[in-house]
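Assemble the dimeric complex from its two separately framed chains, guided by the hints.
Chains as they are written, first to last, in our numbering: chain A, 1 to 503; chain B, 1 to 508.
Please note that a few of the clues may not be correct.
[What the hints assert, rightly or not] Cβ-Cβ distance ranges computed for the label pairs, FRET-style:
hint	chain 1	residue 1	chain 2	residue 2	range
1	B	I11	A	P149	57 to 67 Å
2	B	G207	A	D479	19 to 29 Å
3	A	K359	B	F25	28 to 38 Å
4	A	K359	B	K171	36 to 46 Å
5	B	G298	A	W416	22 to 32 Å
6	A	K150	B	T176	30 to 40 Å
7	B	I11	A	N360	42 to 52 Å
8	B	G207	A	P149	55 to 65 Å
9	B	I433	A	P449	52 to 62 Å
10	B	P425	A	T291	49 to 59 Å
11	B	T176	A	P149	38 to 48 Å
12	B	T176	A	W416	32 to 42 Å
13	B	D118	A	N360	24 to 34 Å
14	B	T499	A	P196	50 to 60 Å
Hints are computed from structural coordinates only; laboratory data are not their basis.
Backbone N, C-alpha and C define an ideal beta-carbon position, used for all residues, glycine too.
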Amino acid sequence: MNNFTLLLPEFLLAGLAFLVLTADFITNDERKRYLPWLAVAGLGGILAFSLIFLWGDIGSLYGGIFRIDGYALFFKAVLIVIGIFVVLSSIDYVKKNLDHPGEYYGILIFTVLGMVLLASSAELLTAYISLELLSFGLYVLVGFDRYNPKSNEASVKYMLLGAFSSALMLFGISQIYGLLGTTRFDEMARVLASLPELSPGLIVGLVLLIAGLAFKVAAVPFHMWAPDAYEGAPTPVTAYLAVGSKAAAFALMLRLFSEALIPSVGDWQIILAILAALTMTVGNLGALVQTNVKRLLAYSSIGHVGYLLLGIAALAFVRDDNTISLATTHLAANGVMLHIVAYAITNIAAFLVISVVFKNPGNEDITGLAGLGRRSPFLAMVLAASVLSLAGLPIFVGFVSKFYLFNAAATQGLLWLVGLAIFTSVISLYYYLQILRQMYVEPAEDDSPIKVSKLTLGVLGLLFAGMVFLGVYPAPLMDAIQYASDAIAVVGSSGAELAHVLD
Amino acid sequence: MTMFDSYILFIITALPLVGAAVMLFIPAHRQDIIRWFSAAVALVVMAFTFYVFAAYDHEAGGFQFMRAWNWLELPGPWTLGSQGIQLGLGVDGISVPMVMLTGIVMFTGVLISWKIVDRAKEFFILYFLLLGGVFGVFVALDLFFLFFFYELSVVPMYLLIAVWGSSTDFKTFLRTKEYSAMKLMLYLVAGSVLIWIALVAIFAEAGLGTFSILALQEIDFSRNFQLIFFPLLMIGFGILAGLWPFHTWSPDGHVAAPTAVSMVHAGVLMKLGAYGILRVGVFLMPEGADRWMPLLIGLGIVNVLYGAFSAMGQRDLKYVIGYSSVSHMGLVLLGIATLHPLGLGGAVLQMFSHGVMTALFFAVVGAVYDRTHTRDIAMFSGLAKRMVVVAAFFVVAGLASLGLPGTSGFVAELLIFLGLFQTYPIVGVLAVIGAAITAVYILRLLAKVFFGPLDERWKDQTDASPIEKFSAGILVVFILLVGLFPFPFMRVIDSGVTTLLARITGAG
Numbered sequence: 001m002n003n004f005t006l007l008l009p010e011f012l013l014a015g016l017a018f019l020v021l022t023a024d025f026i027t028n029d030e031r032k033r034y035l036p037w038l039a040v041a042g043l044g045g046i047l048a049f050s051l052i053f054l055w056g057d058i059g060s061l062y063g064g065i066f067r068i069d070g071y072a073l074f075f076k077a078v079l080i081v082i083g084i085f086v087v088l089s090s091i092d093y094v095k096k097n098l099d100h101p102g103e104y105y106g107i108l109i110f111t112v113l114g115m116v117l118l119a120s121s122a123e124l125l126t127a128y129i130s131l132e133l134l135s136f137g138l139y140v141l142v143g144f145d146r147y148n149p150k151s152n153e154a155s156v157k158y159m160l161l162g163a164f165s166s167a168l169m170l171f172g173i174s175q176i177y178g179l180l181g182t183t184r185f186d187e188m189a190r191v192l193a194s195l196p197e198l199s200p201g202l203i204v205g206l207v208l209l210i211a212g213l214a215f216k217v218a219a220v221p222f223h224m225w226a227p228d229a230y231e232g233a234p235t236p237v238t239a240y241l242a243v244g245s246k247a248a249a250f251a252l253m254l255r256l257f258s259e260a261l262i263p264s265v266g267d268w269q270i271i272l273a274i275l276a277a278l279t280m281t282v283g284n285l286g287a288l289v290q291t292n293v294k295r296l297l298a299y300s301s302i303g304h305v306g307y308l309l310l311g312i313a314a315l316a317f318v319r320d321d322n323t324i325s326l327a328t329t330h331l332a333a334n335g336v337m338l339h340i341v342a343y344a345i346t347n348i349a350a351f352l353v354i355s356v357v358f359k360n361p362g363n364e365d366i367t368g369l370a371g372l373g374r375r376s377p378f379l380a381m382v383l384a385a386s387v388l389s390l391a392g393l394p395i396f397v398g399f400v401s402k403f404y405l406f407n408a409a410a411t412q413g414l415l416w417l418v419g420l421a422i423f424t425s426v427i428s429l430y431y432y433l434q435i436l437r438q439m440y441v442e443p444a445e446d447d448s449p450i451k452v453s454k455l456t457l458g459v460l461g462l463l464f465a466g467m468v469f470l471g472v473y474p475a476p477l478m479d480a481i482q483y484a485s486d487a488i489a490v491v492g493s494s495g496a497e498l499a500h501v502l503d
Numbered sequence: 001m002t003m004f005d006s007y008i009l010f011i012i013t014a015l016p017l018v019g020a021a022v023m024l025f026i027p028a029h030r031q032d033i034i035r036w037f038s039a040a041v042a043l044v045v046m047a048f049t050f051y052v053f054a055a056y057d058h059e060a061g062g063f064q065f066m067r068a069w070n071w072l073e074l075p076g077p078w079t080l081g082s083q084g085i086q087l088g089l090g091v092d093g094i095s096v097p098m099v100m101l102t103g104i105v106m107f108t109g110v111l112i113s114w115k116i117v118d119r120a121k122e123f124f125i126l127y128f129l130l131l132g133g134v135f136g137v138f139v140a141l142d143l144f145f146l147f148f149f150y151e152l153s154v155v156p157m158y159l160l161i162a163v164w165g166s167s168t169d170f171k172t173f174l175r176t177k178e179y180s181a182m183k184l185m186l187y188l189v190a191g192s193v194l195i196w197i198a199l200v201a202i203f204a205e206a207g208l209g210t211f212s213i214l215a216l217q218e219i220d221f222s223r224n225f226q227l228i229f230f231p232l233l234m235i236g237f238g239i240l241a242g243l244w245p246f247h248t249w250s251p252d253g254h255v256a257a258p259t260a261v262s263m264v265h266a267g268v269l270m271k272l273g274a275y276g277i278l279r280v281g282v283f284l285m286p287e288g289a290d291r292w293m294p295l296l297i298g299l300g301i302v303n304v305l306y307g308a309f310s311a312m313g314q315r316d317l318k319y320v321i322g323y324s325s326v327s328h329m330g331l332v333l334l335g336i337a338t339l340h341p342l343g344l345g346g347a348v349l350q351m352f353s354h355g356v357m358t359a360l361f362f363a364v365v366g367a368v369y370d371r372t373h374t375r376d377i378a379m380f381s382g383l384a385k386r387m388v389v390v391a392a393f394f395v396v397a398g399l400a401s402l403g404l405p406g407t408s409g410f411v412a413e414l415l416i417f418l419g420l421f422q423t424y425p426i427v428g429v430l431a432v433i434g435a436a437i438t439a440v441y442i443l444r445l446l447a448k449v450f451f452g453p454l455d456e457r458w459k460d461q462t463d464a465s466p467i468e469k470f471s472a473g474i475l476v477v478f479i480l481l482v483g484l485f486p487f488p489f490m491r492v493i494d495s496g497v498t499t500l501l502a503r504i505t506g507a508g
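Here chain B stands alone, though its shape is the one from the complex (with noise of 0.2 Å):
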């Protein structure tokens, strides 16, 4: 291992915290500096995930690019002496995926906000601290940094939401932003104290002296501290990936949030709930997962079928979205709980599949909002005739949502099936037909929105600026890639799901 490869985590994480701290001192109406400098920040961050994915070995498997800095020591009786609190960096095929993810959304999402003239400072600045905290959970090996850079990645939204964001305001319904930034962060932080009084237990009960997730693996909880503290565990973070019936500040908050938020927040935050819930429930309470994913796979059902139903009634373009995600969430989550390769696999590709359609999926609807300034879905017919390129982007977040062979979500959605069918049959069966919903509810949506006779309204409308079609274009590749060459993906993800498996079979 390269001097550069043991430091580039800890460099991904750190860019977008020192970009931060270096905006702080660049003079507010010099917006242009702060757009390239931010544009340039998240180029460079980009280019590294991009690097660590080309680089993971995928055959060696395990956690790679590992580093560890003592950070504060914690006196006690420990077993392995003054262990402490360590910066533990380091990731394996689940979270290499997820980090290039946060990359690309990133950067994307740096250039949609091109627009964005109020505060432009401040909202890079709170832009950057959140992706920081993305990076840092999905490379933290310490449950305490985990827990740092989780909570860190929660505390900007309130302000990225209520000060930049947007209401939704019809006759029969009201959400104003401040409702639904409130909202988002209650539950957010609801969902943490679960995690933050697991993660105590955990420290109390291994009586390590560490948090280090490493040292802690190592450790054999007893079957009834696991049956009490998993539960914990999953609906605290399942609360972040919108678990049914905790799921109501997703579609509020994406909603109400300005559209690169929607695009992190959808595509990349909803994703740390998922990714907690096997980084630290499944990997050191195996037993415990064993027994409640039953529970799991009933929300997530619910979750599926629920959220696409509610997709269909939706009058607000974004809302529609808005509950899409919630309805394919409900997919990685129905792909966590089978418990099975199949299923984990695909639960882990259609996290980061969902990741960038749904990303594709709010620039697009922020590029008509920007230009309609509004989202109600009756006002619009036939945007395609004055916004061939953005009706082309929509076309392709559309299918890939439903599942389109080609598309990544193809590729996903399927091996969940799969796995579904060798675990719980009748549940396969429902899922299927969620997706058979989603196509109702994205095909419906396309012919209204996009096609059939243009509205005399929006006959001056012009289509995607050359930064939108360049950033909305990137995520398009990714969709086609992963749907087209799904192999490079799903060897890296194997080689970690495989591992996590091996813990619990072990372990029953």
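Excised from the complex, chain A in its bound form (with noise of 0.2 Å):
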């Protein structure tokens, strides 16, 4: 298949964004309201032609900066879904509170193409741009509340602190550019397991390359801007902010850290262990006095980012004598998708609800909660089943991605993290049964039911399907997963030669 074709789901997503602007300009006020499903007919539209027509099809466009593989495509498929489900969730949201519809969901599919391309690139730059254009969309949608002074506070916090990151980012890709002479993911993986040691100045870029993207998914200690800017966004940008742009920045993450980076494994994963030790520890304890849901789900997600972080530190094992197997790596990267998919469910659904519940932004207490269970027993069942999943109990999908990722890990030999990722597990059960017994306990101030509109009856019954079937059954997701961890180069096919090297 030539270029143009491989490319064209990414062509597809711009012109659909350009699309519903340009929709926003020549329609009234009253055919707005279908902007929304024009968003969805698109996204949807793309996801099964991606699905369609790229399945199978491997592929490397101007000169193997930007790569069409399994991975990319489940990325792909992952992260148009989110998509679909963020705008689903957003209608009644946007109606209600926000104006310039056609902006919102127009930019928000920008932000999906820059997650897209992130799933594909391999190499810096390019990883660089596409994380831009996804950022510079969140920018503007945390602050879409242009009346609250707190989505306005959140949007320059979190723009402030992301340009930030973005030069510790640059800096460091121009250190790694200057000594290795490649930004290229497989030619960095060949330079690398040439040296017989890092350089300082090696060592310097690589820290700032993970400085600046672990201040891209929040993690400890550059996670100062999350809560705030959580807090201060509008609820479905909340959700998309905690799930999309973080299972994009993990997509490319997997990917760097597999294809470019394993080599100097012996290197990197004492620091990524560490700092995924902070952060499901500060995560974890900083939710326990959270008052206001929004804030408190933005602390449970920066535990997550703990999890995943633990996940891509046990990508190969590291023997005493300093020798690398990748025998395992599969299990460890399988194990971190799992997450991604388990937690991008979970939260869009607790997010949901969160919206619906709370009919004034900027006053999201805990104990607003109060009698749901009696006031719309479906919403309260499908948030206790959303924070029992991100707790990790079972029969719900986050049980079975929590025990697979900790399972991989340890076998690793990080058994003293997984300790301490089972055991701030638990700590996070105290924060996420106050919001149970919030719901089913605490009487309700005012018992009047909540009208749910049947749209997001659909999709939250949609999500709550999805959270206990993987739970009970993941087979089927696993084999898509297994499909693209196979695809990630160096670990798929060279990795065992990889190692034999290096043995």
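Right, dumping it as structure tokens:
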């Protein structure tokens, strides 16, 4: 298949974004309610197109800086589906609370494009540009509720720190380029494998790159912006921020660390492990004292970033004599991908419930959930399932993904870190149970039933079914994930070879 | 093996879960349908568990009714190829009585909950989820699923206690149900942290790429590994079994829980802990077990004595039963720790016997509480004059609890004591003293609450309803059956215990 067809989904996404923006100009206010449906139909079409025409295609564009493979396709599908769900869960909220739906959905689709590009990037600068496309869209979306000072504050904070982290990352990339002579993942791996040890300059570059990425995924100690941004942003955007941007950033990190940086795993494994340990500890402890639901979920999502970093740190097994084994790399990579999907489904559901229950944006105190079990048994059930899934309890998908991920990390010799991860996940149960307690035990101030639109009911029903189905029978999803992880080049084919060389 | 036999364990585990899913779609105001549906499902499940007990071939021994389904592949260079995680089910002589116990308590629990009107739909859904988890642990032959079901049985507890439970409120002593529910959850999940760490360590150490207990039993884990990780399993599962000093969740939790949940929790769920120590700990790490058992003996005897003394000093009727559970679970742990055929057999029988007996206790206390709306022992006197049947049930449970010959408690405790005298005679003496203290507090309680002059306050009380009589009657039948004809039970239990002990002598 020629290059144009391979890139068609990306072209179509860009086209769709412009189409939604233009349609906004030429339709009257009455017709504007069809805009989100245009976005959903477009995204659905692009998803179907990608799955049908790109299945099994492997291609590399523009001299290897952009890769179309099973991995990219998997994330393309996941990210577009996330996009669809975010649009669907925005419809009621945007209609009620925000102006300019055209820009909202248009920018949302641009960020989806950024995420999809990120998953295909096989070169540092391409990855950087895709990340910026994603981030700039998010800066705008976070501040979209422009009459709400909190939303403005969140946007400014997020933008300033985001720009700062971009600078860090660019500096790291320049350092790496200067010392390795390339920014392409496959060539980086080759050069790194030939080096006897990393020069100090290279380590600085690596650390800056990791720091930049850690900013984007809100890993401790680079997490300060996250709770404020989550709290201030319109709730559907918070969901998107928590789910979409993290899934995409981890799609990049997984490819970067497994394809490009794996030969020097001995140097960065400990950095990521410490980062993971800090992130899961601070995230889960920080959540304990929160009274605002959105802030609480922000800290909880920081905790989950810690678990994902644990998976990245566990990509290779470093033996005592500093040789590397890549034998169970797939296990860790699969664990990360499974946890991303589990985390995405669960968080979208949780934020959607919150955006329905809390009528006045800006006041999401946890006591507002009181009596939800009587006011709307369905909403309460979905939120209960979400928090239990986040806590990692069966029969929900969060249990399977946590177990799989922790098991993989333990197999890779990081048992101490797994112990910490399991311990912090118990701490998290305490604050998740506070939500349950508000919903089912505390009496409501205002006992009136909550009206839920059919659309929201349908979306939540789907997400709930997904949580339970994947929690009980994850095999179909795992097949897709296996297909994706087989495509990660170094790990898949030449990984064994590399290990052999290093042994 | 017939087709039906190979699916029976799956059906037993799945029916409560499917039942819970079906109930989601029954309108909440049709409580009559929900109740009858729950009772029907529970009855069918109980019948199936009887069938498993009857059809288990104790002469052949070992795991029976086995069946495994591939569930998830785990990529990696495993020595056994890509077996991955399997839903492997099977029962042996230790789990068969436990499965039957769960069936009995489940059905009687549904009947006892007949009067629940506040959000009955949610109650029965959570109750069934809880029991699906319990069955799953007893029949799972795969560590992943064992843990899956173990966690599943913990999840619904919080809501069941915090929503439908009751608080204890004396002037000097306040325990709200929310407090107790949270305490119970955090203790149990802290236990599962230790279990979880041990499980992933077992997986990583074995390098087989599977969690199947049958495959893992072929591995001889290194001595150091066993010495480090056996205590994690022992304490982790021990927390659920009420092991001292991690038992404090159990009286609080049992007291705060609604009657049926107390029955399931004290009757069955605590046995999950003891069962886990046997199935995962002793079975996979016999050498570690052998070395660490003296510690369990030490903690177990504290359980027995401390539980008994605490029960003596309680003012709340339900707390007495709660602490007596701690004391009796101590006997189970002591029996396990002997690693002696008599002691182990006694421990498993005690698990069954205590399960039935405690369920009866909580059912009776629940019946009293429903009528009087208090559990303060000082308020009661001469209740037997108005509640003849309730008092009779309480007497049976009490006598079984203090180990009167003819009741199940006698056989089980006798075996445990015999096992202890063979291995740790001094502890044996202390354990017998513990049983004597049990007699003291049970008889005092009986005398105070049910006999003596009738207090004016309670002269209008009614006796047990037919449905209460029926469900408590089922439990009484099993107490007497095991007490008078222990042989059919011991045959099955011994076949399981023998296999387990062969592993220890093989390893040691």
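* Asked: Which of the listed hints are broken here?
  -> The structure breaks none of the hints.
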